[in-house]
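With chain W held as given, fit chains H, U and E onto it using these hints.
Protein chains: 4
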Amino acid sequence: MLTAAQYEESLRRLNLTVYMFGKRIENVVDDPIIRPSMNAVAKTYDLAHQPEHEDIMTATSHLTGNKINRFTHIHQSIEDLVKKSKMGRLLGRETGCCFQRCVGMDTLNALSIVTFNIDRKYGTEYNKRFLKYLEYVQNNDLTCDGAMTDPKGDRGLPPHEQSDADQYLHVVEEKKDGIVVRGAKVHQTGAVNSHEIIVMPTISMREDDRDYAVSFALPSDAEGILYIMGRQSCDTRKLEGQTIDRGNLLFGGHEALVVFDDVFVPWERVFMYREYDFVGQLVEIFAAYHRQSYACKVGVGDVLIGAAQIASDYNGVSKAYHIKDKIVEMNHLNETLYTGCIACASEGHREPSGTYNVDVLLANVHKHNVTRFPYEIARLAQDIAGGLMVTMPSDADLRSPETGKWINKYLRGRSEIPTENRMRILRLIENITLGTAAVGYLTESMHGAGSPQAQRIMISRRMNMQEKERAAKKLTGIVDE
Amino acid sequence: MLTAAQYEESLRRLNLTVYMFGKRIENVVDDPIIRPSMNAVAKTYDLAHQPEHEDIMTATSHLTGNKINRFTHIHQSIEDLVKKSKMGRLLGRETGCCFQRCVGMDTLNALSIVTFNIDRKYGTEYNKRFLKYLEYVQNNDLTCDGAMTDPKGDRGLPPHEQSDADQYLHVVEEKKDGIVVRGAKVHQTGAVNSHEIIVMPTISMREDDRDYAVSFALPSDAEGILYIMGRQSCDTRKLEGQTIDRGNLLFGGHEALVVFDDVFVPWERVFMYREYDFVGQLVEIFAAYHRQSYACKVGVGDVLIGAAQIASDYNGVSKAYHIKDKIVEMNHLNETLYTGCIACASEGHREPSGTYNVDVLLANVHKHNVTRFPYEIARLAQDIAGGLMVTMPSDADLRSPETGKWINKYLRGRSEIPTENRMRILRLIENITLGTAAVGYLTESMHGAGSPQAQRIMISRRMNMQEKERAAKKLTGIVDE
Amino acid sequence: MLTAAQYEESLRRLNLTVYMFGKRIENVVDDPIIRPSMNAVAKTYDLAHQPEHEDIMTATSHLTGNKINRFTHIHQSIEDLVKKSKMGRLLGRETGCCFQRCVGMDTLNALSIVTFNIDRKYGTEYNKRFLKYLEYVQNNDLTCDGAMTDPKGDRGLPPHEQSDADQYLHVVEEKKDGIVVRGAKVHQTGAVNSHEIIVMPTISMREDDRDYAVSFALPSDAEGILYIMGRQSCDTRKLEGQTIDRGNLLFGGHEALVVFDDVFVPWERVFMYREYDFVGQLVEIFAAYHRQSYACKVGVGDVLIGAAQIASDYNGVSKAYHIKDKIVEMNHLNETLYTGCIACASEGHREPSGTYNVDVLLANVHKHNVTRFPYEIARLAQDIAGGLMVTMPSDADLRSPETGKWINKYLRGRSEIPTENRMRILRLIENITLGTAAVGYLTESMHGAGSPQAQRIMISRRMNMQEKERAAKKLTGIVDE
Amino acid sequence: MLTAAQYEESLRRLNLTVYMFGKRIENVVDDPIIRPSMNAVAKTYDLAHQPEHEDIMTATSHLTGNKINRFTHIHQSIEDLVKKSKMGRLLGRETGCCFQRCVGMDTLNALSIVTFNIDRKYGTEYNKRFLKYLEYVQNNDLTCDGAMTDPKGDRGLPPHEQSDADQYLHVVEEKKDGIVVRGAKVHQTGAVNSHEIIVMPTISMREDDRDYAVSFALPSDAEGILYIMGRQSCDTRKLEGQTIDRGNLLFGGHEALVVFDDVFVPWERVFMYREYDFVGQLVEIFAAYHRQSYACKVGVGDVLIGAAQIASDYNGVSKAYHIKDKIVEMNHLNETLYTGCIACASEGHREPSGTYNVDVLLANVHKHNVTRFPYEIARLAQDIAGGLMVTMPSDADLRSPETGKWINKYLRGRSEIPTENRMRILRLIENITLGTAAVGYLTESMHGAGSPQAQRIMISRRMNMQEKERAAKKLTGIVDE
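If you're matching them up, the sequences are chains W, H, U and E in order. Counting from 1, one number per residue, gives the positions in the first sequence under our numbering. Counting from 1, one number per residue, gives the positions in the second sequence under our numbering. Counting from 1, one number per residue, gives the positions in the third sequence under our numbering. Counting from 1, one number per residue, gives the positions in the fourth sequence under our numbering.
So here's chain W without its partners, still in its complex pose (with noise of 0.2 Å):
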């Protein structure tokens, strides 16, 4: 397993071509909007080595019997699959942000299962090839980024429809070592923390379809693939220097435009090719796995709730009735949501590939209250907040000769707390509900892994009405003929 250094190094030997504020950006792991996204990866690296998390960071491939970061591991078991959610709940505890590397391990395990079925109905070698690439992830202890999200375009209609055919990723050439494709990948987290990406198609296809019908891997280097990256609410404060209006110190998340522009994949890096019967069930047992992720959101709510209750306390509010009751609800809500992606875990099943998978009807109910109680986290968090999160003058007026004396005397709560510490956490706060990490409590809770209706279809489908409508008719004495 690589120390968080060792992957900071491994970083630096990739020759991304990243784009941002439409120029090239030459050092990406120095550069300072990105820096704090490869910090929030790198812990997913450095905890794995801390013995208190050891039983939840590292977990033992079940190809080489090796102890492997848990990030690469297929799950073998219903308590590997209770442990991921605790491992997601931990790392956003830690980071108050996205850690971006949970997709790649979604995507791993979603694989290992729809290559074992292909082969199965079809006879080919998928798994094998999945399984040889696997071993390489794992050995080299590797974060991959998950791509799934075509752009889509006009949303009526279907990939061979569109009037631009790129608007899904797709094969443009067959060769006899490997094929071309072309195409983009949007909303991609941690894009260029990730030394390799996974491709995945992202709808259910027919036929027609055929030619998006791919799934593979590359090395995120690989000639032909350009980053383009998205900007966040309050991104440029990382450029103000380390000053505390930044709220979240040290980590936070990104995303990229991935354009892939005729980019060729060897044969061996190929885990799908025209298997558009496949494809429903990648995109749905991927997903299921990737609603379980958002058990992460329960650990940047833990910092939420954290920073509430010291926001209180450093106004001197902290023990009003209305306050606590409000910290009350903010945990109720944090722990519903807990609830759902252990219960999800805990109620997993074993595929015929061996690995285990989570239940599919509860993964999705726990995702669509994540599209849910953030927001009312984030609420109430500004409610206990105060005003003041959003009227604060910055920190260069608290360090200038000019302001200083003003902003010290006159912004301090309680007065044996530092007003410094008061402008910390309330900068925080306004870093998790309104600002970098806003993007990933708020707005990607609520698309990421699938927008709110994309959990609305997979409940209705699993719901399982039949046997309700039973028992209730038998009750009330209803006799279907």
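Treat the hints with care, as some may be off.
Claimed, not checked - Once the Cα atoms are required to be at most 16 Å apart in a straight line, the calculated EDC-like pairs of lysine to aspartate or glutamate come out as:
id: 1; chain 1: W; residue 1: 23; chain 2: W; residue 2: 8
id: 2; chain 1: W; residue 1: 473; chain 2: H; residue 2: 420
id: 3; chain 1: U; residue 1: 409; chain 2: H; residue 2: 261
id: 4; chain 1: H; residue 1: 319; chain 2: U; residue 2: 154
id: 5; chain 1: U; residue 1: 409; chain 2: H; residue 2: 164
id: 6; chain 1: U; residue 1: 238; chain 2: U; residue 2: 30
id: 7; chain 1: H; residue 1: 152; chain 2: U; residue 2: 416
id: 8; chain 1: H; residue 1: 132; chain 2: H; residue 2: 268
id: 9; chain 1: H; residue 1: 176; chain 2: H; residue 2: 164
id: 10; chain 1: U; residue 1: 474; chain 2: E; residue 2: 402
id: 11; chain 1: U; residue 1: 23; chain 2: H; residue 2: 402
Hints listed in this document are in silico derivations from the structure and should not be mistaken for laboratory results.
Structure of chains H, U and E alone, referenced to chain W:
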């Protein structure tokens, strides 16, 4: 294990003192208002003999190794705890009401832990007595009523300061062979369907209250115990015969006020006596188990969701988007409850006595959601059902030669569905949202196993704010001196 | 203006054909189940004679200049509309139930507008007829039942395609002196307490449905009209005598199925005949008025909030913060409803006929909140009331020499409050949240004056998205070609 | 009445001491971060000259009979109050942000009442002074900043017990011609766009706090007053030039910390001096007016709803049922807010001074909903917008020769919509839900004019429980001795 028929027979052998509407009931088992509640308990016996439910409904006694009804079992593993949650949902779905037997199971499990703990501290023999009693319960497959809630009088005063000393049940005399107790227990679910009644104190106590710190078991027909039946919304519809206006044709619940009019308890059935310092623990452990037991409401929710779906189908509107969307929402809320009772079980732990206990925080979070979501599910069910649910003429109008033709003609929905079926399903929804079953599905969901505020207090005690504050401070750079 | 006693007398002179439980009722006025609903209507007569309510309860006829009961008035100003909302809240508070008379008022006002509009287009004389009829209603201070809702059969089909042509009320014969109609109206609130019944169509229609496009007024005891009473939760408690188990000792509501078995209507009482193109307008205007009328639920909310406060006081917990906070929340929600019925009135406008109409968008918004907030207020009331509300023995148990002492002793809260008073207030909360009044406060709030989806459709029609889109585009610099 | 250009000119003549990022700003009016907030205030001048808005935007001075900008008007009727609410919605819609000028209007109206009341009790001449000042404000069409909120230090202590006596603004010296004051006001909306600043105390006071019971007006550039600008989420995007990343291209708000560093106030501008017994009244009346002013958020809601609709249209999903349903829900919530600000106005009343005041209970109910619904509307807007809102590359990427083609290709929705337009509308939604305008639409909705708990306290004082309890007791037959 008893069959349902044997259970009914065993009840007939009891000599209970039961009052309803101010008069003594001679034949309790056949009383038309009580009978449905007996049917519901009987279902806990019946399902234990059905092969498809055996795994959930039965267990192996850790005392005798015999196969026993799970309702008499002491949880020996996480798996036992999870199965308990599933048993609750199953029975809720098959009865559509409160089946009453979980409270005894929860009492037995709580006493298995606390009697052990008392003995460890004081060298007493409560656990030995308890295990002997437990074996008797298991061998005879008895239904026990766990009795915790005292009338409480003025809630601002502790037991020993009440103007009426009997507002909390207490010991009034110590004899050579036992004790004499006086007081009452309120809201006793399933009281007159039980073979045994097991009494526990209801709130944490101090030394002054030591005479109130008493726990014991008695046959339900012990001398000096009398029952006064509570009345429920629509209770007397059961006196109208087997009409469809009952909604739920077979099952129901009941609650009673149980008076202990100087009742003698032999020592071998006393499980706590004046150890006031263990009362809080007993209350808290019982409460956590019993909050888990609100898994049952998921099952009743299943029935209500099924009924709403059928009602929309009979109306010809089941394909309307807003109907489908509401059905999804009802399922989402219901399954969110399910994640709660599963997670508090799967995150359970072993107590020193060997009994497995649920995660207390999550059990409280679960129950707290039960005080909210069933109300919303019921609201949506009424939305889907339509106003006819509450303006519909009676079964007698349907049967009457004078009005039957009009009812048949004008209360028909889709022409191919018999009007009677439409009436049946609407009456079931009425039953669960306004009628006898609403007592269980709504008000009992609110107050059973503790009112919402009781859960908020427990959540506030268990929510581990230190860890959350530490994480927040670290991220924003606050270093406490 | 009639007194309450004169109103009762006038009802005795009617010769209504009423069925309940499959049998004809000979004495409708004194029937114990119907009587409380008559009492509630009587209150609309009674309060009009009380000086402190005169301003709200009475108006000056624009036809005769006489002082009339506001329930027979055509709104002549914004002030009239606002007073209507206040009258609804007042009567809701004084009766604690549905007082039934608003539907007639809303029907009269809607017809005053639409008959005028039809005449303008077709040169007919409906408005003249209508005004003559209105003068009769005003001079005799009559209670009118507005009858809109048809059984509808299969909701997927228009009237003329139903397999049973009578699923919507329609003209079956045209005679020289009038028409003959057949069909039924469901959910008819206050039907058998009314002197008159005024029929309107229930959905927009096209030419094929023109025989269904009919509106007219009849005496409620016209030949061929028969009433079948709907049953309510807990209805038969009214048969148990003047016990406290009724909750609301005096008042209640009722709904009936009204059958028109080939009933003759003379031309002078026909207000629309085959003008199918005005049906949508009539439905929409009536619905807006009637959605405003849900001001009454604010008054019932007042009662429920008062009852919850008293219950907490009797329990000795009224000072607990969480109780106080819940009372504030109940008031907040209730007053939010109040702002809705006030605003749709104060934003009203004059129609061509001279009648003042409410703001349609806001009336729909108001009613839509009525489908939500009463359920939450009821939930909070149950929270505050405690479980005893549904487990409490009967009034007969309190009166019984055998059980009375136990009830008195063990159901007491604060020692200085008579147990009976505590029981009374809990029975009132039961009545409004589960019993007969829950039919009005909850289910009727959901479906009366149109189900939630009906309001959403109206909101979608009136929400003026163009203006909103224009504003958004302008701010962000989008210039459409 | 000034034009927008004249207003801007008048600001240039001010000599304000303003700091931002620790440095003094020389040219306030043209500062790129402050400028959009000036534009928003200028809109209040601009619209007053537009004929279609004249009725809403202007009034007739009760002092001079001149036509004046409504923002300087003292409400003379219910109609004035209603128009004030409509003016708020109008300006919110046209600016999409906080336009800052309402707080001065509310201050003027509150002082018109309270100075009159003080004079009546103490025979002082505050009202005369105030009216003279008012005439000056009206004649010069000035923007006034109402300054109420003190830093407060430890919220558990009254002003005179604070360890730093300046935590509440107070008189430090009485001179012959006036007084000298010291302290600060926080969260001052629009501070540096104002000609005048009018100070009021912030909490009820007792005699010991009489030096803090002071109200007065000063030119905003009076000697000793200095401003430190608060920073907002995404504030520095305004420094990036006219890019689409601003979201709202023209308008914004601002807040500042205002320090009074021993500032002299002449007697003619002192409106309260040591009359501590009137502080509570002043706070309460100002608060009620200002809670009504949150009508503006309905207008910002209009913009956000419009933007969400456009975003769905650009995505090609505007016809999807769940999208349409969410748009209806957003409108429903927004219009519910509208009913609140309309109803508290239309239920207003005349104060002894002749000024019309809003209904205090309903104004608080309105504002309390404003602390909730905008958060839900924002959540739904993010749901509809899609994740691209927070992962989208920058305007610079769109313009860059290297990345522009990829952005244009892969960020396109429906093919006929320019990618740039899609980006614009998403940036506007980002602006209102996470960016600079979120400060106003969300956090200010929470805390402006008092935090939620302040409204709950006012609701609890005004909710008239006696009447509710009387009604409940009467209905259930409770007769108090």
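Evaluation of the provided hints:
Between residue 23 of chain W and residue 8 of chain W, the direct Cα distance comes to roughly 23 Å. Violation of the 16 Å bound is thereby established for this hinted pair. A hinted pair counts as satisfied when its Cα atoms are at most 16 Å apart, and residue 473 of chain W with residue 420 of chain H qualifies at roughly 12 Å. Taking the CA atoms of residue 409 of chain U and residue 261 of chain H, the gap is about 12 Å. The hint holds against a cut of 16 Å. Our distance criterion of 16 Å between C-alpha atoms is met by residue 319 of chain H and residue 154 of chain U, whose separation comes to about 13 Å.
Distance check on the hinted pair: residue 409 of chain U and residue 164 of chain H sit about 8 Å apart at the alpha-carbon level, within 16 Å; holds. For the hint pairing residue 238 of chain U with residue 30 of chain U, the CA-to-CA distance comes to about 12 Å; that is within 16 Å, so the pair holds. Straight-line distance between C-alpha atoms of residue 152 of chain H and residue 416 of chain U comes to about 14 Å, which keeps the hinted pair within the 16 Å bound. Distance hint between residue 132 of chain H and residue 268 of chain H is fulfilled; the C-alpha atoms sit about 9 Å from each other, no more than 16 Å.
The hinted pair formed by residue 176 of chain H and residue 164 of chain H fails the criterion: a straight-line CA distance of about 27 Å is larger than 16 Å. Restraint check for residue 474 of chain U and residue 402 of chain E: not satisfied, since their Cα atoms lie roughly 30 Å apart, outside the 16 Å limit. Our distance criterion of 16 Å between C-alpha atoms is met by residue 23 of chain U and residue 402 of chain H, whose separation comes to about 8 Å.
In this structure, the earlier hints numbered 1, 9 and 10 are contradicted, and the remaining ones agree with it.
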